[in-house]
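Here are the chains, one letter per residue:
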Amino acid sequence: MSDTTPVIELVDVTKQFGSFKAVSKASMAISKGEVVGFVGANGAGKTTTISMLLGFIRPTEGTVRLFGKDVTPQNAHRSHERIGYAAGDMELPATLTGRQYLDFLLRQSGTKDRSRLQALIERFSPDLNKKFKNLSRGNKQKVALIAAFATDPDVVILDEPSSGLDPAMQEAFLELIKEVQARGTTVFMSSHYLQEVMSACSRVILMKNGQFIEDVDTKQLMAMGGKRITVKSGYRPTKPPKKAEDVETTFENDLLTLSFVYKGDVSELQSWLAAVKQLKDIEVSEYDLEETFHSLYDTEGDKV
Amino acid sequence: MMRSVYLKTLYDKRFFLLGWTLGFMAISALMTSFYPAMHQEGSISSLLESMPAAFKGLVGSLADLTRFDTYIASQLFDIRMPIIAGIMSIILGIGISVADEEKGELRTLLSLPVSRTKLLTQRWLAMLTIMVVIGFGMVAGIYAVLPFIDIASIEPDVLARLSAMTLLIMITFGTIPFAVGLATGRRSVATGVSILIVIGSFLLSTFAQAVDWLSDYEPLSLLHYFPAADIVKNGIDLKDVAVFGVVTVVLLVLSIAFFRARDVA
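Sequence order for the protein chains is A and B. Residue numbering for the first sequence follows our numbering, starting at 1 and increasing by one per position. Residue numbering for the second sequence follows our numbering, starting at 305 and increasing by one per position.
FYI, nobody ran anything at the bench for these hints, they're computed from the structure. Keep in mind the model is a prediction, meaning the values are calculated, not measured. Check the hints yourself; a few may be wrong.
Said to hold, decoys possible - Far from chain B by the CB rule (all over 10 Å, computed), these chain A residues:
1. Lys69
2. Glu122
3. Asn134
4. Glu171
5. Val180
6. Met222
7. Lys242
8. Ser259
Claimed, not checked - Capping the alpha-carbon separation at 25 Å, the derived lysine-lysine pairs in DSS-like fashion look like this:
9. Lys280/A - Lys227/A
10. Lys25/A - Lys69/A
11. Lys133/A - Lys407/B
12. Lys242/A - Lys263/A
13. Lys131/A - Lys407/B
14. Lys277/A - Lys239/A
15. Lys407/B - Lys130/A
16. Lys263/A - Lys277/A
17. Lys422/B - Lys69/A
18. Lys219/A - Lys178/A
19. Lys277/A - Lys243/A
20. Lys227/A - Lys242/A
21. Lys280/A - Lys242/A
22. Lys422/B - Lys112/A
23. Lys32/A - Lys219/A
Unchecked claim - These stretches of chain B come out as covered by chain A in the derived footprint (C-beta under 8 Å, 3 or more residues):
24. 310-320
25. 406-414
26. 418-429
27. 555-569
Where is the CB? At the ideal position from N, CA and C, for every residue including glycine.
Could you put together the complete structure from these sequences and hints?
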């Protein structure tokens with residue numbers, strides 16, 4: 001595998017269950033060291049995509065590659081030697097304790113050095129002595145995350161990894177992502193928490209109805225946010241500027257409140273503001289990230 | 305302790321192993337302890353002789369009850385043990401194959417560097433080990449009671465032959481749900497096919513003795529290849545061993561082929 005070969009690659013991948021297309025013509029490439037977020041609503045096809053990456057299921061069409069090699073259910077275990085995986089709803093062996101499972105995991109992967117495991121245990125402080133069937137969801141999730149990183153893998157694939165973690169543990173998890181990224185580990189993570197994705201990832205892939213609708217740099221996504229402008233005026237016929245989006249208008253006590261998202265040229269906004277009659281108040285704030293995302297999701301999703 | 309899928313499976317099934325071993329031990333001990341009564345009651349033989357053919361099938365072959373080896377062959381190994389072993393094997397085969405997938409634990413295992421072939425073979429070997437231990441339990445049950453019955457004795461090689469064939473039929477019975485379960489991932493299919501074969505074999509072998517047209521189909525029953533009374537008298541027929549061997553190997557090979565290629569939910 002050359003340095004330029006994508007570590008994770010999907011080429012025109014489709015997965016069909018009966019007549020239902022869970023994933024349709026999906027393509028992407030992730031290079032070594034990238035931390036890529038994978039975002040979409042429930043049922044968008046994220047878990048199906050991850051299941052194909054791990055070789056749990058076969059694509060109906062297209063090719064899945066890890067480290068430059070095609071992944072199939074028959075050979076997936078070979079790539080798993082270099083992969084760590086955790087999922088929010090991961091079912092860990094009910095009859096084992098966390099300690100027994102981590103021991104089993106390290107033996108299966110042939111990892112002899114336990115210092116990494118020890119460091120992760122100290123970081124997340126899970127209860128390792130209870131059987132999984134008696135363990136809380138948060139504790140199970142901690143063990144699953146430790147297992148994903150314990151073998152110091154080249155690629156970590158995470159499917160909604162921090163669901164069930166308390167805020168302090170979520171923070172510890174994000175720190176861990178930053179640390180492994182600095183070491184050159186590739187991370188591909190799906191998440192419902194956009195804030196988590198934005199703070200951990202350098203790139204975001206957006207999925208809707210089985211299709212990748214957007215593959216965007218995180219900084220670009222942030223820039224797409226624009227500003228939310230809220231203007232109060234005593235002049236009722238006031239109209240928003242031409243480039244205004246997501247406009248909301250209310251009129252109460254002879255006062256018009258006009259709120260909109262503005263992503264255009266600031267000087268144009270300035271001119272528009274100067275022309276507003278009976279201006280009483282102005283409020284400018286960063287457009288909420290969630291709103292940016294939903295706006296993008298709805299706009300791009302409609303094209304699907 | 306958790307070095308491999310094999311050891312993990314044994315660990316997961318430790319209570320099953322203990323319970324069924326004690327159960328088999330108790331059944332064989334009980335059947336052995338009944339021998340003096342059966343032996344002394346000469347009229348039982350004539351009673352059995354007077355029974356309808358279908359009923360004879362249910363109580364076992366009409367072997368000579370004056371000898372312990374033929375008694376234990378007909379009353380324990382001929383019908384009762386294969387049926388109990390069949391039930392145990394179905395429960396075990398299902399538990400080791402589809403139960404993990406239904407709980408979602410199979411995906412967790414498959415996310416590790418463990419090949420599907422390795423996972424399947426190690427689990428099958430664990431099932432085999434459990435059956436061997438249970439088989440020893442069955443033999444131990446007989447030997448636990450035998451010293452207290454003066455009139456009963458059995459040559460070790462005779463008991464070894466009967467036990468070996470019981471183990472063989474257990475393995476075949478267990479491999480059916482195991483293979484179907486891993487090949488399809490569906491408990492209903494695995495259970496249905498297994499019950500059809502195990503209970504079907506039992507019914508076929510039982511009623512073929514009374515229903516003329518059924519007797520032509522009796523070789524389709526797996527129990528046909530476990531003639532306990534003949535094993536005591538004439539030893540093991542290698543053709544019978546071959547039938548169990550071929551069925552087991554074919555099922556295993558097919559399950560590996562299907563399990564390696566299918567989607568895991």
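Hint check results:
1. Lys69: Holds, since 14 Å exceeds 10 Å.
2. Glu122: holds (22 Å)
3. Asn134: Fine: 15 Å to the nearest Cβ keeps Asn134/A off the interface.
4. Glu171: holds (26 Å)
5. Val180: The claim holds: Val180/A sits with its nearest Cβ about 18 Å from chain B, beyond 10 Å.
6. Met222: For Met222/A, whose nearest Cβ neighbour in chain B is about 33 Å away, the distance exceeds 10 Å, so it holds.
7. Lys242: Label holds. Min Cβ-Cβ 51 Å, cutoff 10 Å.
8. Ser259: holds (45 Å)
9. Lys280/A - Lys227/A: holds (19 Å)
10. Lys25/A - Lys69/A: holds (19 Å)
11. Lys133/A - Lys407/B: holds (12 Å)
12. Lys242/A - Lys263/A: Distance of about 11 Å is within 25 Å: holds.
13. Lys131/A - Lys407/B: Status holds; Cα separation ~15 Å.
14. Lys277/A - Lys239/A: Status holds; Cα separation ~11 Å.
15. Lys407/B - Lys130/A: holds (19 Å)
16. Lys263/A - Lys277/A: Distance ~22 Å between Lys263/A and Lys277/A Cα, so the pair holds.
17. Lys422/B - Lys69/A: holds (21 Å)
18. Lys219/A - Lys178/A: Distance ~16 Å between Lys219/A and Lys178/A Cα, so the pair holds.
19. Lys277/A - Lys243/A: Answer holds: Lys277/A to Lys243/A is near 19 Å, not above 25 Å.
20. Lys227/A - Lys242/A: Holds: Lys227/A and Lys242/A sit about 15 Å apart, inside 25 Å.
21. Lys280/A - Lys242/A: holds (21 Å)
22. Lys422/B - Lys112/A: Measuring from Cα to Cα gives roughly 21 Å; hence the hint holds.
23. Lys32/A - Lys219/A: It holds: about 19 Å lies between the C-alpha atoms, which stays within 25 Å.
24. 310-320: holds (count 3)
25. 406-414: holds (count 7)
26. 418-429: With 4 residues close enough to chain A, the hint holds.
27. 555-569: Contact hint for the segment 555-569 of chain B vs chain A: holds, 5 residues under 8 Å.
Consistency note: the structure conflicts with none of the earlier hints.
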